[in-house]
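K.L.:
Sequences and hints are given; from them, build the entire structure.
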Amino acid sequence: MPAIQWWCFAQQEAWSWTWRPLLGVWIVIALLAWAYRRLLAGLALGNEPEPVRRWRNVSFASALFLLWASLDWPLGPLGASYLASVHMIQFLAVGVASPALLLLALPRAAFDVLPRWPAVLGVIEAVTQPLAAFFIFNIAMTVSHWPGVVDMLMPTQAGSFLIDLIWFTAGLVFWWPLIAPVPNRAGFHPLGKIAYMALNAFLIHPPFAMMIFSEHPIYLIYELAPPVGKDPLHDQQLAAAIMKIGLAWIMFVAVIVVFQRWRRSDAAGA
Amino acid sequence: MSRFETHRRELLGPIHRFACLAVLVVLGCGVPADGGRLGELRGTPMHVPIPKPHLVFTDTEGRRFDLRAQTEGYLTLVFFGYTHCPDVCPIQMATLGAAFRELSPELRSRIKVVFVSTDPERDTPERLRKWLDAYDGTFVGLRGPIEEINEALSSMMLPGIAMLPGGSHDEPLIGHPAAVLAFDADGLARIRYGFGVRRSDWSHDLPLLASP
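In order, the protein sequence lines correspond to chains E and R.
Following this note's numbering, the numbering of the first sequence begins with 64 at its first residue and continues without gaps.
Following this note's numbering, the numbering of the second sequence begins with 1106 at its first residue and continues without gaps.
Since the hints were derived computationally from the structure, they do not count as laboratory data.
Partial list, computed: chain E residues near chain R (C-beta under 8 Å):
| hint | residue |
| --- | --- |
| 1 | Q75 |
| 2 | A77 |
| 3 | H279 |
| 4 | P280 |
| 5 | L283 |
| 6 | E286 |
| 7 | L287 |
| 8 | P289 |
| 9 | P290 |
| 10 | D294 |
| 11 | L296 |
Here a beta-carbon is modelled for each residue, glycine too, at the ideal position from N, C-alpha and C.
P.N.:
Dropping the structure here:
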């Protein structure tokens, strides 16, 4: 029986295709599923249309699947210890795609209860103000990919967990002003939303520039990991491409969705 | 010691070297005999230069290879390891190989990289050649009796080979020195590169070491 770990982290063992359990990942996934079920049970959703309910379920299941697939074996250990490119796929899943899907999976009634806790709502209002959210996401993205930070945090389970937590929280903050109806941001025009996302797609983050332009591997943990058949420098450049192209594609899809909704609402208004 | 701890030690190296140099200057010992070049390098300086060992082994083509005679006048980087090694050997060779390929052909022609197998039974000439070719086709692979390898390691004040039980696939693991020794053209090693040395370190040091 392989040793049970809480979270994947950078190790110096040679890579093996032997399955290993990551208990923390399962617990987090189970807790999210339980919390979502409890939340829905406490809301009056009896008159919710069937297509809306189905879409919510698909969205939530997709978010959970992305989280589980990117954090559990084999992608979890591969990304934590051996390949920067897999680490970047994890970032896109944990820090970009799954927070958006989770927010989309929440019914309107779930947001409507927020004003019951003014302190919580106050914090949410402050951090999800579009400009603040933009900076929080991009600073978190830059810091969590900074070579010194990655090399310092990834060799421990707690550090690796912290990076994933930062990604996920920053992702929620980023998507909140675009998806969540509370607080009401009527002034955030669809054109502003499109600009908000487009800017993220085209922004050159310092870690991306370092990864793509550096002549040498910048991450110690991936450079000095037991090799899994890929040159660390090429792997790093692939990671940069995944970061940029992956983020751009997700933003592109989101821009199209916002644009279509805007067009439909304009048509309905007319 | 983990590879991260090793690297931390490498990072502490310059501070340590500076402290040692300060003590030497205070004691009136002056600058090192190599004119201070060691201070610029990122490897670990050896306080006592080590002469190149006398090894006459067989290369991957089955030819006799006299280490001293056939590397005379070259910067010679010598590493003892084995191709089934799961971590240290492939990482050291990949890091060195990548930096080596970045050098100009002229600099490369002044350097010989010699990999001495510590597992001559499993490291057949074909396997050794194929393994080295993945890093660089010019790297020399040598095979010889374990006793002679241990003698050479001992002469270089390095620990000998140790058979360790159980790898991931029940293959024996072999304990061996993790450092690459850099022998100058005069046949003396004044610096070594332990596990944790990075491609950027090699890229920085190789031109300095190989320059006439």
